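> Residues per chain, in single letters:
There are 2 protein chains.
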Amino acid sequence: MADFNALATQFTQFYYQTFDTDRSQLSSLYRDESMLSFEGAQLQGAKDIVEKLMGLPFQRVQHRISTLDAQPTGANGSVVVMVTGELLLDEEQMAQRYSQVFHLVNNGGNYFVLNDLFRLNYG
Amino acid sequence: MADFNALATQFTQFYYQTFDTDRSQLSSLYRDESMLSFEGAQLQGAKDIVEKLMGLPFQRVQHRISTLDAQPTGANGSVVVMVTGELLLDEEQMAQRYSQVFHLVNNGGNYFVLNDLFRLNYG
Numbered sequence: 443m444a445d446f447n448a449l450a451t452q453f454t455q456f457y458y459q460t461f462d463t464d465r466s467q468l469s470s471l472y473r474d475e476s477m478l479s480f481e482g483a484q485l486q487g488a489k490d491i492v493e494k495l496m497g498l499p500f501q502r503v504q505h506r507i508s509t510l511d512a513q514p515t516g517a518n519g520s521v522v523v524m525v526t527g528e529l530l531l532d533e534e535q536m537a538q539r540y541s542q543v544f545h546l547v548n549n550g551g552n553y554f555v556l557n558d559l560f561r562l563n564y565g
Numbered sequence: 443m444a445d446f447n448a449l450a451t452q453f454t455q456f457y458y459q460t461f462d463t464d465r466s467q468l469s470s471l472y473r474d475e476s477m478l479s480f481e482g483a484q485l486q487g488a489k490d491i492v493e494k495l496m497g498l499p500f501q502r503v504q505h506r507i508s509t510l511d512a513q514p515t516g517a518n519g520s521v522v523v524m525v526t527g528e529l530l531l532d533e534e535q536m537a538q539r540y541s542q543v544f545h546l547v548n549n550g551g552n553y554f555v556l557n558d559l560f561r562l563n564y565g
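Heads up: the protein sequence lines correspond to chains A and B, in order. Counting along the first sequence from 1, when you hit position 24 you're at 466 in our numbering, and nothing is skipped either side. Counting along the second sequence from 1, when you hit position 110 you're at 552 in our numbering, and nothing is skipped either side.
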């Protein structure tokens, strides 16, 4: 149990730290077969995914994780992670809540994001 | 693209309809290797999962899906689904927002839930 929870925690910390400092660096976490569903938009491949993330209309962003749950998705070390959290954009005072899923696939000990699904929680 | 979206929509409609009418019937959707993370509690196996769901302290519940996103998780027809939605308990007037992930695994054309992660969205 410890291993996939530790992996999920380490990955999400690294992911959001990278996102919040220089999101162009996220490309190393995705591959050609990776998919992103972002507020209903569907992208595939590291290049298109990072272009989408780079093009989001804010300069500064800060993610805070509220809850993190992880489970193995089979015997090969791959893991599904569900995050709920808050993000703060630019000069805004009010955080926005979001939900995000990562499916991390183990490729010989190196993990990449195969599935990435993101939604803001309105209401 | 159409197939996994249609599968995800059909599955979630069936799942929540079953949950809201007779949640004991959900056991057919889980197997021994299935996992549930429910508000931080971790369960494994159809029996323990359905016992957990049956023991939740409300008589009536109504789920409403707000957003649904789906992606294939490989070449074998398996699908990851992220739902955000609202649920209304018993006589309460105020819906609670939630996020839920299902990893649906294709076993010779029959799908079961391998991974199920659920969180209420507080705040």
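These are computed hints drawn from the structure, not numbers from a lab. If you're wondering where the values come from, they're calculated on a predicted model, not measured in any experiment. Glycine included, C-beta positions come from ideal geometry on N, C-alpha and C. Careful: at least some of the hints might be erroneous.
As the list claims (entries may be wrong) - Taking beta-carbon pairs under 7 angstroms as the criterion, some of the chain B residues facing chain A (in silico):
1. Ser479
2. Met496
3. Val522
4. Met536
5. Asn557
6. Asn563
What the hints assert, rightly or not - Beta-carbon label-pair distances, calculated as ranges:
7. B:Asn549 x A:Glu533: 42 to 52 angstroms
8. B:Met496 x A:Gln501: 29 to 39 angstroms
9. A:Arg465 x B:Asn548: 28 to 38 angstroms
10. B:Asn549 x A:Phe554: 21 to 31 angstroms
11. B:Ser466 x A:Asp462: 43 to 53 angstroms
12. B:Glu481 x A:Leu562: 20 to 30 angstroms
13. B:Asp532 x A:Asn549: 42 to 52 angstroms
14. B:Asn549 x A:Gln484: 35 to 45 angstroms
15. A:Gln501 x B:Phe500: 36 to 46 angstroms
16. B:Gln467 x A:Gln459: 41 to 51 angstroms
> So, for every hint listed, does it hold in this structure?
Structure-based check of all given hints:
Evaluation of the Ser479 of chain B hint against chain A yields a held restraint, the C-beta minimum of about 4 angstroms falling below 7 angstroms. Residue-level restraint check for Met496 of chain B is violated (minimum Cβ-Cβ distance to chain A is 21 angstroms; threshold 7 angstroms). The interface hint given for Val522 of chain B holds, since its Cβ lies 5 angstroms from the closest Cβ of chain A, which is under the 7 angstroms cut-off. With its C-beta approaching chain A no nearer than about 11 angstroms, Met536 of chain B sits outside the 7 angstroms limit, and its interface hint is violated.
Hint status for Asn557 of chain B relative to chain A: holds, with the closest Cβ pair at about 5 angstroms, below 7 angstroms. Using the Cβ-Cβ criterion of 7 angstroms, the hint placing Asn563 of chain B at the interface with chain A is satisfied: the shortest such distance is roughly 5 angstroms. Taking 42 to 52 angstroms as the suggested C-beta distance range, the pair Asn549 of chain B and Glu533 of chain A conforms, at roughly 51 angstroms. In this structure, Met496 of chain B and Gln501 of chain A break the distance hint of 29 to 39 angstroms, their C-beta atoms being roughly 49 angstroms apart.
For Arg465 of chain A paired with Asn548 of chain B, a C-beta distance near 34 angstroms keeps the hint of 28 to 38 angstroms intact. Restraint check, Asn549 of chain B to Phe554 of chain A: a C-beta distance of roughly 25 angstroms satisfies the suggested window 21 to 31 angstroms. The hinted range of 43 to 53 angstroms is satisfied by Ser466 of chain B and Asp462 of chain A, whose Cβ atoms lie roughly 45 angstroms apart. Judged by the Cβ atoms, the range 20 to 30 angstroms given for Glu481 of chain B and Leu562 of chain A holds: they are separated by roughly 21 angstroms.
Taking 42 to 52 angstroms as the suggested C-beta distance range, the pair Asp532 of chain B and Asn549 of chain A conforms, at roughly 47 angstroms. Judged by the Cβ atoms, the range 35 to 45 angstroms given for Asn549 of chain B and Gln484 of chain A is violated: they are separated by roughly 26 angstroms. Taking 36 to 46 angstroms as the suggested C-beta distance range, the pair Gln501 of chain A and Phe500 of chain B conforms, at roughly 44 angstroms. Taken as a hint, the range 41 to 51 angstroms holds for the pair Gln467 of chain B and Gln459 of chain A, whose Cβ atoms sit roughly 44 angstroms apart.
Checked against the numbered hints above, the structure breaks hints 2, 4, 8 and 14 and satisfies the rest.
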